[in-house]
Amino acid sequence: MDTLLYPLEWVVANIVVIWHQIWTFIGLDPTAGITWALAIVGLVVTIRAALIPLFVKQIKASRAMQLIAPDLKKVQDKYKGKKDQASREAMSRETMELYSKHKTNPFASCLPMLIQAPIFFALFRVLNYNLGGDAGPIGLLSQDLIDQAANATFFGAHLNETFFNSEGMSAKIVSAVLIIAMVATTFLTQHQLTRKNLPASALEGPMAQQQKILMYALPFIFVITGPNFPVGVLIYWTTTNIWTFGQQFYVIRNNPTPGSEAERQHKERLAAKAARKAARRGEDPNAVVIEQAPAIEDESKRSGQRQQPKRKNRGGSKPQALPADDTKDES
Amino acid sequence: MTVAGRALTGAIRGYQLVVSPLTGPRCKYHPTCSHFAVEAIQVHGAFVGTGLATWRVLRCNPWSNGGVDDVPAKGERLFRLTRNNAAMLNQSTSARLT
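If you read the protein sequences in the order shown, they are chains A and B. Basically this note's numbering = 1-based index in the first sequence + 1260. For the second sequence, position 80 (counting from the first letter as 1) is numbered 79 according to this note's numbering, and the numbering increases by one without interruption.
Careful, some of the hints might be misleading.
Stated by the list, open to error - Chain B is faced by these chain A residues, among others (derived, beta-carbon under 7 Å):
1) I1282
2) F1285
3) I1312
4) L1314
5) Q1318
6) S1352
7) A1368
8) S1369
9) K1432
10) T1445
11) T1449
12) L1453
13) L1474
Calculated directly from the structure, the hints in this document are not laboratory data. Note that the Cβ used here is the ideal one computed from N, Cα and C, for glycine as well.
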C-alpha cells in the first residue's frame, strides 16, 4: 500500500505546495492556515480540471440521445407493461444495443469516480502521515514546509487535526462546520440527481425506495466517519462536492436524461427561447444577430435528420425560420 | 463456489445494495459491470472472473460506446478489445443461458 500510493502522494504533495506558492505569490501569508486551506482547494481545482476532458467526452456522447428517441420509444412500447424479469432484461439489452449502435450513451461510466478514489487516499495519507505524523518530506514538501503547515491554523484548527484528535474547541468547531458542509453538499448533489434527472420509471419500485433511504442515511454515515477525518481532508471533500454539484447542475440543465423532470423544464426553456426569438425577429430583424451562435448549433443538429418534425417545440409560429432565413437575416 | 469467490460476490452485492443506488445508473453496458463481475466469478472462478471484471471496468469509460457485453462462456475467447457480443440482439451469448 505504501509503495503503491507513493507516486500519487508525491504528485498530490507537489500540487499542494505549488498552489501554496501561487497563493503566497498573490500575497497571502505563507504561514497562515487559510493559505494552506486554499492550497487544498487548488488541488481540487487541478484534479477536477484535469478530469474535464472525460466530462466533455461524456456530454458529447449523450448529445445524440435526442436523435434516437423515436427508436427508444419503440423499444419501450414493445415492453410496455411487462414487469417480469426476462422482459426487463431483454428491454435493457435492446436499449443498450441501440445506444451502442448509434454511439451514444446517457451514462457517465464509473471511471471518473474510480480515478478520484486513489487521489483521495493519497491526500489522506499526506495529511495524516507527512503533515501530521513523522513520515518526513515528500516531493516539494520539505521539512520546513511541513513544520510551517503543521503550525498553520485555519480558524484556530490545524489542517491535520480531526474532531476526535484535537486540542481546544476551535478545531472541533471548524471540524463540525466542515462535516455539516460535507453532509449538506453530498445530500444536495444526491437530491438534485434523483429529483430532477431520473426518468419517472426509475423513481418507483424497490430500487428507488432503497435509494431514497440511503440518501437520508448517508448523512449519518458521514457524521460517524467525519470526526476521524483531518480538517484538510474535510476541506478537500467539501470543495469536491461543491464542484460536483455545479457540474451536475450544468449537465442536468443542458443535457437532461430523457423522460425526466429536468428534460421537461429544458424543453420548456427551449420553447420559450424559440418564442422570444420569433417575437424579436418580428419586431427587429437586426436583433437576431445575437442569436447567431445558437442558430448555427441548431443547424448542425438538424443536418440529415429525418426525425426533425418530431420536435414539437419548434413548430408553432410562422416566423420560425429555416437555416436559410437565418443566414439571410444575419448577412 | 470457492471461499474467495463467495467473498468477492458478497462484496459486489454489498456495493450493489449500498453504493450503487447513491450514484444513480451510470454503467454503459448491459449487464452492468457489477452484474458482469458476479456472473464472471460464478462461471470462471474467482481468479479469472476478477480478471474479466477488471477488464470490463476499464472498458467502461467515456470513450467506449457501451452496449451489450456478456460474460464469455467457458472455452470462448476471454479477453477482447471490444464487446463480447457482436451486436446480436436476439442471439444471446450469455454464459448463464447456455
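Evaluation of the provided hints:
Against a cut-off of 7 Å between C-beta atoms, the interface hint on A:I1282 is violated, since the closest Cβ of chain B lies about 29 Å away. Hint status for A:F1285: violated, given a least beta-carbon distance of 35 Å to chain B, over 7 Å. A cut of 7 Å between beta carbons decides the hint on A:I1312: the least distance to chain B is about 11 Å, and the hint is violated. Below 7 Å, beta-carbon pairs count as interface contacts, and A:L1314 has one with chain B at about 5 Å; its hint therefore holds.
For A:Q1318, the shortest C-beta to C-beta distance to chain B is roughly 5 Å, which falls under 7 Å, so the interface hint holds. Residue-level restraint check for A:S1352 holds (minimum Cβ-Cβ distance to chain B is 5 Å; threshold 7 Å). Hint status for A:A1368 relative to chain B: holds, with the closest Cβ pair at about 5 Å, below 7 Å. With 7 Å as the threshold, the beta carbon of A:S1369 comes within range of chain B, its nearest partner Cβ sitting at about 5 Å, so the hint holds.
Hint status for A:K1432 relative to chain B: violated, with the closest Cβ pair at about 28 Å, above 7 Å. Given hint, A:T1445 at the interface with chain B, is violated; its Cβ is 14 Å from that chain's nearest Cβ, farther than 7 Å. Proximity of A:T1449 to chain B is violated relative to the hint, the smallest CB-CB distance being about 10 Å (cut-off 7 Å). Checking A:L1453 against chain B: minimum C-beta separation of about 5 Å stays under 7 Å; hint holds.
A least Cβ separation of about 5 Å between A:L1474 and chain B falls short of the 7 Å threshold, and the interface hint therefore holds.
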